[in-house]
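S.K.: Sequence:
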Amino acid sequence: MDRSLSGRGCDNIPKAPGAPLSTRSHDAPPLHPGMRAVLYMAAAFVLIAGLPLYVFSTETATYFAWTIDPPLTAATLGACYWAAGLAEWNSARARNWTEGRVAVLGVLAFTTLTNLPTFQNIDSYNLGKWQAWVWIATYLAVPPLLGWMWVQQRKVPGTDPEKTAPLPSFLVGGLGVVAFVFLSYGLALMLLPQQAGALWPWTLNPEGSTYKSFTEPYFGCWLVGLGLVVAQAAWEADYHRNRPVFAPLLLLGILQGGALWRYGEVLHGGLSAAIWIGGIVFISVLGAAGVLLSPQKTG
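With our numbering applied, the sequence shown has no gaps in its numbers, which climb one by one up to 299 at the end.
If you are wondering where the hints come from, they were derived from the structure by calculation, not from laboratory data.
Treat the hints with care, since some could be wrong.
[To be verified] Label pairs and their computed distance ranges (CB to CB):
#1 273 - 158: 41 to 51 Å
#2 169 - 40: 28 to 38 Å
#3 296 - 137: 38 to 48 Å
#4 48 - 159: 35 to 45 Å
#5 181 - 155: 29 to 39 Å
All residues carry an ideal CB built from backbone N, CA and C; glycine is no exception.
Use the sequences and the hints to build the structure in full.
M.R.: Right, dumping it as structure tokens:
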């Protein structure tokens, strides 16, 4: 993993004689103003995009870039958007790059990958509506802009402070499990959409749907993006470096539970539904544990 992301490349640098035993947070590279602005912009976009998906799940033909059916699919996507928006907002508010970078790789991967199903299924969009064009323009603009700001961020001088609030092993392990499941199933949905989509706990492309092969790869993009964020958090393994992550995980679990409560009648019975519900509970507990156990900010 890139040293600018992992932060481990600086942890083992030998200290000069007489140097302090630990580096402090103000020694860390500050968050570049351009990176902060891009993260705020991305957060605003996804928080707004989540509104028609989660609140008006049955009216996406009117309020969203494309028509989504069943409503549980729209609400599930809306939950992802709002959780990601909170993570980006938290990263933008971080004191420095070390404490704000955890969400960047996932955001870059998701926005880049989403262009693939978007243009493969461009005829499924409501191109007569402004929402569709805002969607397309945003996903074309964010990846190069965020990538360029990442290059600029790496030029900012500073040294990662030592980890003073390591995560307990059960949190690191839990994050690792979530990352593995998200990344592996996300890639399967992107590369083998029909086969992997058959394991989804409800029908993603019901009969009469306006799209044929869009939903599975799009969920795959989401799972890969979220999986990279969670994998980064497991790698960082420090409360201060992972502050942007735990509240969004808790929010994701709560919102997914709310989506099931509203539209869960389309769930298939059996193992796939049980795994989905168990996953929601697991993510919620993981996020709650991270929030409750996180120490207060210092220095």
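S.K.: If a hint holds in the structure, say so; if it doesn't, say that too.
M.R.: Status of each hint after checking the structure:
1. 273 - 158: 41 to 51 Å: 48 Å, holds
2. 169 - 40: 28 to 38 Å: Holds - the Cβ-Cβ distance for residue 169 and residue 40, about 34 Å, lies within 28 to 38 Å.
3. 296 - 137: 38 to 48 Å: 41 Å, holds
4. 48 - 159: 35 to 45 Å: Hint holds: Cβ distance 37 Å, inside 35 to 45 Å.
5. 181 - 155: 29 to 39 Å: About 36 Å separates the Cβ atoms of residue 181 and residue 155, which means 29 to 39 Å holds.
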